[in-house]
Amino acid sequence: MSQNTEPDKASFSATRVFLRGVILTLPLSIAVIPWGILAGSLAVEAGLIDFQAQAVSAIIFAGSVQLVGMGLIKAGASLTTLLLTTLFLTSRHLLYSATMRSRISHMPIHRRLLLGFLLTDELFAVCSHQTRKEFNFWFAFGAGFSFYLIWQMATLGGILLGKSIPNLDQYGLDFAVAATFIAIVLPTIKKLSVLITVVIALVFSVIFSVLNIEGGIIYSSLIAMSCGYAVSIIRKEAL
Amino acid sequence: MSWSTLLLMAAVVFISRYLFLEPRLPLRLGPKILHFLHYTGPAALTAIWAPIVFHREGELNLAINNPYFIAAIIAAILAVTTRNVLLTTVLSMALFFMTRYLLTATG
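Chains as they are written, first to last, in the numbering used here: chain V, 1 to 239; chain G, 1 to 107.
What the hints contain is simulated information worked out from the structure, not anything from laboratory work. Any given hint could turn out to be false.
Once the Cα atoms are required to be at most 20 angstroms apart in a straight line, the calculated PhoX-like pairs of lysine-lysine come out as [unchecked claim]: (1) V:K236 to V:K191; (2) G:K32 to V:K236; (3) G:K32 to V:K191; (4) V:K190 to V:K236.
Chain V extracted, bound-state conformation (with noise of 0.2 angstroms):
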């Protein structure tokens, strides 16, 4: 990112940039790689076919909605539960998709069909930090569509290996996605309200994750942002 001297946008070409996007989205798209694994291996465990088991990851496309959504069918809830289970996981993209309004309401449908489709937390880790200027399409592009390329294939691997390594959610493979957000998250905190922010959100998470509250994220991410709101407002941060 800090190699991104202001070069001239229009000098560079169309595949240029998506490569920029590829490169930039590939430590998550490694670290993604065992959580795509799990979601294989409970598609099947669930007792989906493989091949609607690989459809749930190209259709759906949201990690957390798959590995809670897998484990609500194995134990056989019903469709309204498994609905707003859904909503609840997948709320936090309403503030991302809010966010990226100003980046991306302005593009022809088809790319903002494909943008929305791909916005993942991953996505939307790595272009949360451009400014307007910054932000490009082919960019988003290459980040998200190699990210779903590889979940895509991580997914198959996990439809494969779920058959003859059963349990692989004992594994601790969920610490990569720990690894990596904590990669992301904790170099942008510059300001005393960024780190109320992450405090907050840590404390609140993890509370309302120990007594099982659907939807926590969502929660706790509202919660943590109107504290550090407030803090830049009492503090006269600027932004």
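Given chain V's structure and the hints, the job is docking chain G onto it.
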């Protein structure tokens, strides 16, 4: 799992990702809202990683022999010092699996 269930779940996910990207949605985000949304990244990403580290096997685990906790501290130090996502992830993962193995081996 029926195909209609799968498609409904996908629709819920897609709509939540796309909704605010739609320009015809009658909504103008003022400077206060934009300032508030500035905290989305640190808040949401932390709310995802923190429970993975501290909520283990159904309970709160703040013990220093929690391999997730140990490796998360290392990841935090690496993240701040190297500012390299890949390096931080790979090194802390390696340490995580080593710690886990050692803790299991020593009982």
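Going through the hints against the structure:
With a CA separation close to 11 angstroms, the supplied pair K236 (chain V) and K191 (chain V) stays within the 20 angstroms bound. Taking the CA atoms of K32 (chain G) and K236 (chain V), the gap is about 13 angstroms. The hint holds against a cut of 20 angstroms. With a CA separation close to 18 angstroms, the supplied pair K32 (chain G) and K191 (chain V) stays within the 20 angstroms bound. A distance of roughly 15 angstroms separates the Cα atoms of K190 (chain V) and K236 (chain V); the hinted pair therefore holds under the 20 angstroms criterion.
Violation of the numbered hints given earlier is absent; every hint is satisfied by the structure.
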